[in-house]
Structures are given as structure tokens and as C-alpha cells.
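Take these sequences, add in the hints, and give me the full structure.
Protein chains: 2
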Amino acid sequence: MTWKDSLPMETLAKERENPPFDLDAMKIANHGSQERLEFKRRVMLELERNKAFYNDDFYDLTKDELRVRTFIKIGSIVNWLLTENLDVFRQRLEVISVADPGFWTRFGVHLGLFTNCVRSGSTSGQFAYWVNQGMLACKEFYGCFGMTELAHGSNVQGIETTATFDENTDEFIIHTPNLGATKWWIGGAAHSATHCAVFARLIVHGKDYGTKTFVVQLRNLDTYETLPGVTIGDIGKKMGRDGIDNGYIQFTYVRVPRAHMLMRHCQVTRDGQVTEPPMQQLAYGALLTGRVMMAVDSSNIGKKAITIAGRYAAVRRQFKSDPNSKYETQLLDYPIHQRRLMPLLAQAIAFQYCGQQLTHMLEQTTSALDALEPGDPKLQDVIELLKSTHASSSGLKAFCTWGTLSAIEVCRQSLGGHGYSSYTGLAPLYNDFAVHCTWEGDNTILALQLGRALMSAYEESRQGKKQGEALAYLNDIEATLRARCSSEQELNSLAGIEAGWLTASAHFVKVAYDEFQRLIKTGNSREAAAEKCSQLRFVAASVHTTGFIFRQFRAAVEELPEKSDGVKATLTKVALLYGLWQMEEKAGFLLRSGWLKPEQCDFLTVRVSELCAEVRSFAIPLIDSFEYSDFVINSPFGRYDGNVYREYFDMIRRNNPPLKPHPYFETLVKPLISRKTREVDNVGELMNLDEEIEEIQAETSEALKAAKKA
Amino acid sequence: MTWKDSLPMETLAKERENPPFDLDAMKIANHGSQERLEFKRRVMLELERNKAFYNDDFYDLTKDELRVRTFIKIGSIVNWLLTENLDVFRQRLEVISVADPGFWTRFGVHLGLFTNCVRSGSTSGQFAYWVNQGMLACKEFYGCFGMTELAHGSNVQGIETTATFDENTDEFIIHTPNLGATKWWIGGAAHSATHCAVFARLIVHGKDYGTKTFVVQLRNLDTYETLPGVTIGDIGKKMGRDGIDNGYIQFTYVRVPRAHMLMRHCQVTRDGQVTEPPMQQLAYGALLTGRVMMAVDSSNIGKKAITIAGRYAAVRRQFKSDPNSKYETQLLDYPIHQRRLMPLLAQAIAFQYCGQQLTHMLEQTTSALDALEPGDPKLQDVIELLKSTHASSSGLKAFCTWGTLSAIEVCRQSLGGHGYSSYTGLAPLYNDFAVHCTWEGDNTILALQLGRALMSAYEESRQGKKQGEALAYLNDIEATLRARCSSEQELNSLAGIEAGWLTASAHFVKVAYDEFQRLIKTGNSREAAAEKCSQLRFVAASVHTTGFIFRQFRAAVEELPEKSDGVKATLTKVALLYGLWQMEEKAGFLLRSGWLKPEQCDFLTVRVSELCAEVRSFAIPLIDSFEYSDFVINSPFGRYDGNVYREYFDMIRRNNPPLKPHPYFETLVKPLISRKTREVDNVGELMNLDEEIEEIQAETSEALKAAKKA
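Going down the list, the sequences are from chains C and E. Going from the first sequence to the numbering used here is simple: count from 1 and add 54. Going from the second sequence to the numbering used here is simple: count from 1 and add 54.
If you are wondering where the hints come from, they were derived from the structure by calculation, not from laboratory data. Everything numeric in this text was worked out from a predicted model, so none of it was measured. Hints may be right or wrong, so weigh each one.
Copies of the same chain look alike in the list, so a pair counts if it works inside one copy or between any two.
[As the list claims (entries may be wrong)] List time: in silico BS3-like cross-link candidates among lysine-lysine, alpha-carbon distance up to 30 Å:
#1 K714 <-> K432
#2 K759 <-> K520
#3 K519 <-> K380
#4 K640 <-> K762
#5 K564 <-> K651
#6 K763 <-> K520
#7 K519 <-> K762
#8 K105 <-> K81
#9 K441 <-> K759
#10 K763 <-> K441
#11 K519 <-> K441
#12 K762 <-> K261
#13 K58 <-> K261
#14 K441 <-> K564
#15 K105 <-> K714
#16 K117 <-> K193
#17 K575 <-> K374
#18 K564 <-> K640
#19 K441 <-> K520
#20 K762 <-> K432
#21 K374 <-> K58
#22 K380 <-> K575
#23 K714 <-> K117
#24 K68 <-> K374
#25 K261 <-> K374
#26 K651 <-> K640
What follows is the structure, given as C-alpha cells:
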């Protein structure tokens, strides 16, 4: 007897007995504050009760249905947008992003990309104008972000749409010169946007000043017909986030007033004088936000995935590892299953602290940028800060989104066959999340940019320039490179793990730089040398970022107050698991750096397994501390009460009602199956079954006798 | 000027000039024979011209539409099924599997799983009966395979559906005793199947004889209404392969004649005497086929993915690495892009040779099983062969499907933003392929089974029993363990790489076994010890399989005739890249085994980059040699002629016609956007633009002066 209807729920309840930490305290630690936790609960409740966010049929919606639903949500969210402080509203969106990533993006293109772009790029008068036009309130206004082109993605400087100044009329002529210059992937273009922030090459008096931004109206506000010269198309089906109406846009000599160019950083006067910004990068500060949000999202979505996979692993039983036990064994009790999931639980928490740290860096940078007056003597400092935030956010965006994408897939596969059902929530989650790896800076390109920044910093530090916190290991690099793991005790400590990553980071930054120099000395241009050592740059970025993430986690854990609530002790263990697991995963790098010796790896493997078993013992309450409601998780497998099978079955019946008639029996099945009728009713005779059985049995028993003798 | 309509096509044509091998000879090498190549071409042409296989709108079909289309294909394929030799027909299906994985599976459940199951499990009389009932011809017959249950997947022995013998009526009563025992994931159940091969516990006179197979009719053939006692439901939306009508089945005391139990291996007589097979495994030989087909599919689908990513990488240009060049740089010329794709090209070819070898092993095993008479003295040999094929196919199924799934994702991401469009073909391909990792034996479980087999073989070899070819490295294990990489020259050779993997394999099999023994000695049961060392078993299986794949590749390449056609020289280079890349990826294992030294890894990295550049030089003709037609690839990005942008744009317009009216402007958009109207026509005034510009410029120029002085 292995089946009992109530067993899954009883099993999960039992997992919650006696956690080694105070659950409320852990929840607060994971949310930053009691206030944020309570606000999150409120948002989850509001969403669950809001008919616009009804999601029981979410996984069965077609692309077209999803788009309609998503627009209904936009109509609803605007109520909060108009009444809520922007910071609070952003927290609200962060919660919604976990429930419906597609909605988050569709609305985020307007609120995040478009309005941020206008805010950071416009003069104060321009900003006031666009606000007055309805930009913030979505009144007679919905923005989209026209950067990417069909033939140009990451390379913003290479885009080909032109904005040619016509001095006669004081206008710009926006034009798509060829197919490759078609604006592509533009979220909101197909069905929502009234206006677009168009990235185009500024051409004045025949001179090309590079890429600037222009606000262009796309549609008649009363009919939503495109304006003359504007061609818009739907780009259709995507891997995920089908709630977004991505489209393409072609401009055919479309005229906009000169005032529609965003002129905070670069200005064009009435007579066509162009003043360019002291530093091009200042114009792209707005793009940072997206990267930081993706690092934060990597943690949130990682938590969602592990909530589903972790709870199910506690409930699911398969095989009996102990023949005397009454029930089959919980998956979570198998060491191999602990190995699959516990590191991902640790990773989601590691990313959480990284996201917090990165958000903090972004806020600092944004304030500094906003406070910057033209000609400010702090300009150089701000540029340094911007560069550093850019480098860190590039690396974290790349490696956190990759880390979480893999984690979702591992979680999905850990459900066995059921992981292939959409109703688990994990398959759609993978499809929704995957886009993070390529948009707003392809991960590989971003990692290489970080790699380049690391090489520059190394060069600077060799010339005596002291590096900031993130790169402090370069300041005394000789000692860092020489460091070796002294003992298993050191390896088994947060300080030891940090030391290991520092040595490995220093090693691979140096290896990349040395190769870069060698290439230059053997006749390559700097650019060619940088390309040729790109694999080494990539490795340096990867090792550096792994160490960086661990350091944020360690620092945050060590800052926690010493209390008897068990929070610090628990998270210290989780940090240890994360650090050692990453070391085991990337052992090759630590071995190559010399910090670790091959024979020490066996200890690593044993210790990771032990820590997985320890974390497993409190995995369910730790997952509970992430505090995502059943509504947000929207997966029978991740339900709080553990009633997995019944709810999975019921959800499938609700969404695929058994009374629906066969959709193509008469038209397709019958013509095939009943190509002709015939009557056969001679089962026994045709089979000649009993004689055959006798024969087989006689032969078998003889053979068995013969085998026993031999 | 970077855009030219014809540039993509010219670029791709140029890539085909002067390959270092004879293209026709390479095609034959990759297809086994001229005959197979020509048959494949014929099948591709037939499919392309067959309206049932029309696929221009494939990526926009909803689940329900896909299912209808898929059934139309079944109706069409039956024409070939009835007229073609089964071996030839299987080759046909292999080609179709690359064009439409969902169709392949839906039809494969009937033809592969159901009929194979009946063939291998029934007596000759039973087989004749079911053939006569229309099984092979799909006449008044369509089979499905009722193994998996809601609460039991991989654990076939744990399933709970019962088949209780009623001696009074000479029938079995098939019954689903609880929700968890609901047959689940059954492909074809929802809308296609008339009959099901039900796996159920045989209960005779109150005794449970374990899981056997019973053929149960599900539906009335004239109406497709379910028969009394049979409950069928649709399990709805999946990650991919939505063309398959997976369903659930519950039986409520359904009676079938005794003759409907498959009785080749286990027999029940009229009076309820049960004879069990000498070895349970013999009953599951049929499941091997699926695993072997998945290894083969891993190569085919890997080739499809690299065809798309490789051709696009040649055509796509981004940034100018050389400022003097006329056009931007082809992605394929960036070393980092070569690093991303060239190893995957090599991997697809490595898997091809593995698939061929495994198919050969399967054929041998199947013949031996089929030839086996009850009580055959060769029984023990056949069981050994079966075990060995089972172990190899388990490992290859797991690691080849994982390898290709990652490869698809890397290829998808290598398209940058466009990789997220369904029309690239790669996102749907990922979703279709992903199921291979969890069905017919979850990959992790299969890897652990191989790990267990490796430990047993090691134990046997210590006791003096000589191991077969796949495990010959255990026969002189001391020497294998002591081997070290002597030089870069050795490392840079196929023989050297093979030696490295043998040492690493031996090392990790020994490590796993030693830990297993230590656990037993410290008081664990064998079962508990095996669970506790599961991570080490997993690692042993992974390292062993990597080496196994490489050895198949090397052996196949070395068997190629020495000719002037360049095929052998080219494939030797590709094998070298595959071997060294895998070494670099898994350097930690080679370092831990002692075979490789940390300082040798730098050479590895340099050499892999060099080989990537070499393979890149003939990547496009090598991809051409895979010979998949544009119809089968069905991606503008993978087109033979390279006309990517035009075709991508046109495909999107065909599938999202621009003349479609806005689907929800009146109902949703207008009410939001036009919440109230208002008139603003004071752009210039409100912005106060020109005064602001003057002010900014004055400040900026002062600041710049100040900055210059400082």
C-alpha cells in the first residue's frame, strides 16, 4: 500500500516541523524589512482578487489570447500607477513580474524603457512637455522603445535609421533606408504604442553625428491607424512572453519637430549647430536599470522555480530505498536529488544579495548622474562610478541570468516526466525567462565587456592606480596569486572560499592580460588582440563574477546580527554550500590557478554532499520563507499544502473539460481507421493460445533443469 | 554603407569556395552510404511536395491546430507504411523526425512503442491475432502505450494498476485503484487510440506477480466513445510536441479475455497457473529501441541546430573589427563565436558515429533476443549482451540528449535577440527536444544505472573477470590509473586524448567503488551505500560516457579510407576539436585523475581556439554535407542560399498579415488611452526649448574649458 490521498499533505506538513530558525525572522531577512514583506503580501492578495489577473487558465492561452489578457492587466494596473508613489509602484511590479513575466515586460517597455529614456535624455522642458502629453498616465499615450533593428542588435552605434535635419522647416526626417534598418522586436509596437523613442543617426548638413533619440508619434489616437509614412507589423510568435505585442516599424520620410529630439546630452539649434556630449556613455545610463532588474529577477524567478521543484520533491515518492519502510522514499531524501536541488536553493539566495547590492549601486549611480550639472567638476568621478556599475551589472546580468535559466531547466527535469507539462509552470517559466540571456546586451557580449574592463583595471593597477572594492584583489596581486589553500579547514570556511576565488580571479585576469600583451607584441592591433584573447576574457569575467557573487553573499551573511533566531547560522551554512558547490562545478579554474590541489577536490565533493543533506533538512521552511503565494506560483506542484496530485488532476480537467466532443473524429480519424470494416471473432482459434502455452512451459522447464545442472 | 540586399547570399556563397574536402564524399561519409543519402533526398522531396506536411505556418499553430495537422500527417504516412519495407520506412521516419518531432512521436507511440511491445511480448499466435486485428495497418486499430502512471514514472515495478484474474470467466479485470495509479502522459490516448498496452500488476488467486502487459480496447470503433469502465481525458498543453494528444486513462473494473495478456515471457493458464520468466529484464528489451533512437536523434537534431546557427553566423555581420573593411565583420569570424559554435558542430558529428555504433549494438541484441528459444543454452550470453547494451544505451541516451539540449540553447542564444523568435526554429526545437531528457528513463536515473554497472564491472574485474570492449580499460586498471600525459604532442593527438579519458574513467570508477566499499564497511547496506555514493556514480558515468563517445568517433574516423578526397583529414581535425574541447570543459576531472597537469591546460585552451578557427574555415561546406533541405530546416536563418533577412521578414508577414484589423482597439485600448480627450498644441512654448539649449551650451562650454585647464 503506497497510495494515500492525504499522504502528500501530511508529508509536507511534517517537513515544517522544528526548523532550525525562526521562520518570521528568516522571511524578514529575505525581504529586507518587515515593511517590504507586508507590502508584498498585500500585493499578492490584491492580485489574486483582481479579475484582470485571473490565471487558472494561464498555461492554455494562445498567443492572441495572452495579448488580450495582458492588455486587460495594463488597464487595471494604471489605477495603481496614478495613485501610488513610484518606488512603491516598482515594488508592486516586482511582485507581478514573478506572477506574469510577459505582462511585466509589456508594461515595463512603456514605463521602464520609454519613460526612463525620455527622463534621462530630455531637458526639463521636454520632460514636462511629454508628461503633459500623457506619458506617465498612459493617457492618449503609450510609449515603445525603438532601438534594435533587424540587422543591428547589440551594436547601437551601428544602427542605420536616419534623422536628417531640415533647416527649412525646423524638422527632422526620420527614415528607414533599407530592410536591415527596420526597427525590430519593438515591444508594444504591434498593438499598443502611440509613440516611439526612435534611435536614429543624426544627420545635420550632411554630417553624421551618430545615434541619438527622437520621439515619434506612430498612430492616430482616435483610430489607432498608423500615421502617414509609418509602417507597423506584428512579429508574431516567440519562445515566451507572448503577452507582449512585439512589432517592427519602418519609417518612410516621417517628419517630426526639432523639439522631438531628446536634447539633454546633445543639442541641435535652430540653425543646425550640433553640440555633442562630453561622454557618449552618459546618454545610455538608462539602459543600466534593465540589467540590474534582470539580476534581481534572476533571484526571484530562481526562488519560484525552487519553490515548485523543492515542494514537489518532498511530496513525490519513488522506489523504496528501505524495504522496511511503509511508504516509498521521498525524492528529497535521495542524495542525488539533494545534489540537484539544494545548490539551486542556495544560488537563489546568493543572487538575492547580489541583486540588493547591485540595486544599491544603481541608485548611487543614478543619483550622481541626475545631480550632474553640465561642466560639473565631479564629472570624472561620476564617469568612473558609471563605468564600474556598468562592468558589475554587465557581469551579473550575464551570469545571473544564465545561472537561473539553467536552474529552471534543472528544476523542470527534476520533476521527471511531469516537468514537460505546461501546468507545472516550469516549462513556461523557462520560455519566459530565456530572453534575459540575449536582450538588452547579449550575455556573451556583456561578459566580454566585463573581461575588457578587468584587463584595463589590471593594467592600471600595474601602473600603480588603486582599484575600488570590486577589484581590490588586483591591488596586491602578487600576494593574491601566490595564495594557496592551506588545509581542509580553510577550504571549509567562507573566508577560505573567498580567498580561493580571489586567487582564481587574479590568475585568469592576468592570463588574459598577458595573452593580450603577447598578441600586441607579435604585431596585432589592440582591437585584434582583444578579439583573439576573447575566450580568456570570457573566462576571466566568469571567474571574477562567480567570486563577486560569493563575496556579496558572504558580506551580507556576516552583517546579519548574532541572534538566537537561527537565521545567521542557517544562512552561513547556505553560503558555505553555495561557495563550495561553485568551487566543485568550476574546479578546473581553481586547480589551474594553483590555489586548489587535485587531492583536495575529494574533500570538496564529500563536503558538498554533506551540506546538501544539511540544507535539505530545513529546505521546505527555507523555501516557505520566500513567501510566494499559491496564486503567484500558479503550479499544483509548488502548492503550499502539498496536495499535488489532486490539484494537478483537477487543473487539467478544468482546462481540458472531458465533455468536449472529439474535435476531428468524423473528419479525420474515422476515414483513416475505418477504411473498411471487417468482422473477426475468432480470438482463441486464431491465437491457438493454450497449446502454445503448454509447449512453451514444457520447453522452459526442461531448459531450467538443464541450466541448473550446468 | 553596410547594407546590401544581396550581401548575405554573396557571403554564404563565398564560404562554399574551395572546401578542403570533396563535398559529395563527405556527404556519403555522413550518411553511411550513397544509397541512404539518395533515399533521404527522395524522402525530403516527397515531404516537401506532400500537402499534409505543409509547414510554412508551423510555428504559429496552436496546440489544437497542431494536433489536427499531425493527424492529417498520420493519414498520409500510412500510405507508405503499407507499401514499404519496414527498414526503409524507419529511415523515412528518421528524416521526418527532424522536420516534425511531434508527429514522429505521435506515430512512434503506435508503431514503435505499441507494436514493438506486442511483438516482443506476445506469443506468435497472439502477434498474428493483433496483426489480423489491424494493428500494423492502423485499420480499426491505433495503439497507445499505457506504462506511466501519475504517481509512478521511472519505477515500472511500482505501478499500481491491477489486472486481477477471474477464473470463473477466464478474464482479467483491469482496474485503477486510486488517483495516483491513473495512466498518465499516454501519447495518443486523448484522441487517437483504439487499444492500449496496459502495464498492470498481475494478480492471480490473490497473489501479486508484478507488472505485466495487457492489451485493452479503449473505444468503440464506430463512434470513438470510450467503452464502459474506461475514462479518458486530455492532459493538455505541454512544453513542446503539442501535436501529440497525450491523455490520462482510468480503468474501472474493465474486463478483457485472458488471451489479451502478452504471454511470451510470463504465462497464465486457464486454471490460473502462473509461470514467470527466467529473467525479468527480457520483458523490457523493447524499451531499448527508444533510447537508441534518442541517441541517433541527438545527432540529427544537433545538426539541424548548427545548420541554422552556423549559416546565420556566416551571414550576420555586427561591428567592424577592422576599420578599413568595407562591411561589418561576420559573426563567424569572431573567435568567441567560433568558440560557441564549432565545438557543437563537432559534437553533432561525434554523436552521429555513436548513434551508428549503438544502432549496430541494438540490432545484434534484438536478433539475439528474437532468436532465443525457451531454455536456450545461450541465455546467459544474451543476458550479458542485453546488460551491456542497456548500460551503454542508458549512458548515451542521458549524455547525448543533455549535450544536444544545451547545444540547441547555445545555438539559439548565438542568434542574439532573434533567437527568441519562434520563426528561427530553434526555440520550438528546444521545446520539442527537451522531453528526451526525462522520458523513457529520466537521464539522471539512467546515468546512475550506468554508474552502478560500472562499479559492478570494476568489482568483477578485480576478481579477474575480463571486461568487454566498452570497459576494457578496467582489465589492466593499475597501468591505466598510472598513465600521465607526457607532452603537448600527446595531448594534441587522438590517441593521447583517448588515453586521458581512459585514465579519468578508471579513476572515477575506482573512486566511486572505493567510497561504496567504505560505506558498506562502516555499516551501510549495499542499497544505502549505493545511494550515498550516487554523486560519485554519476560522475563516473559522465566521465566514462564522454570517453566512450570520443572513442566511437576516433574509431570511425580512423576506419575511413586514406584517400585524396580530404574527408579523413577533415574529420580527424573535427575529432581532435571535439576531444580537446571536452577535455577543456571537464578539465577538473582530468586534473583530479592526475593524467593532466594544471599547466598543460593553457595549451589546451590555445589549441581549442586554434582548432575552432580551422574548423570555422570549412564550417559551411561541412554543414552542407549534413544535407537537410530548407523544407526540413524550416528556418529563414538556416536557409541554404543565405537570404536570411528577406525571408525572415516575408515569413513574418505571411504569418502575421498586416491587413488584419486591430484585435482589441475598440474594446480595450480605446477605453484606456482615451479616458478623456484634451488639446495641447503649445510644444515650443511649454518646452521653452531654445532658451534652455542656450543655457546648457553656455555652461557646457565653460565647463569644458575648466576641465581642459585642470
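At 30 Å max between alpha carbons, let me know whether K261 reaches K374 within a copy, between copies, both or neither. Result: close only across copies, 20 Å inter versus 76 Å intra.
Given identical chains, is K575 near K374, meaning Cα to Cα at most 30 Å, within a copy, between copies, both, or neither? between (64 Å within a copy, 22 Å between copies)
With identical chains treated as interchangeable, where does the CA-CA distance between K441 and K520 reach 30 Å or less: within a copy, between copies, both, or neither? Answer is within; shortest intra-copy Cα gap is 15 Å, inter-copy 63 Å.
Which holds for K714 with K117 at a C-alpha limit of 30 Å: within a copy, between copies, both or neither? both (22 Å within a copy, 15 Å between copies)
Since the copies are identical, ignore which copy is meant and state whether K714 and K432 lie within 30 Å (CA to CA) inside a copy, between copies, both or neither. Classified as neither; 69 Å inside a copy, 54 Å across copies.
Under a CA distance limit of 30 Å, which applies to K117 and K193: within one copy, between copies, both, or neither? Only inside one copy: K117 and K193 sit 26 Å apart there, 37 Å across copies, limit 30 Å.
Measure nothing new, just compare the shortest in-copy and cross-copy C-alpha distances for K640 and K762 to 30 Å and report within, between, both or neither. neither (53 Å within a copy, 47 Å between copies)
What label fits K519 with K380 when the C-alpha limit is 30 Å: within, between, both, or neither? This pair counts as neither: shortest intra-copy Cα distance 67 Å, inter-copy 39 Å.
One pair to classify: K759 and K520, alpha carbons no more than 30 Å apart. Within, between, both, or neither? Between copies, since 28 Å is at most 30 Å while 85 Å is not.
What label fits K762 with K432 when the C-alpha limit is 30 Å: within, between, both, or neither? Cα proximity of K762 and K432: across copies only (14 Å, versus 92 Å in one copy).
Checking K651 and K640: alpha-carbon separation at most 30 Å within a copy, between copies, both or neither? This pair counts as both: shortest intra-copy Cα distance 13 Å, inter-copy 16 Å.
Since the copies are identical, ignore which copy is meant and state whether K519 and K441 lie within 30 Å (CA to CA) inside a copy, between copies, both or neither. within (16 Å within a copy, 64 Å between copies)
Checked against the numbered hints listed earlier, the structure breaks hints 1, 3 and 4; every other hint is satisfied.
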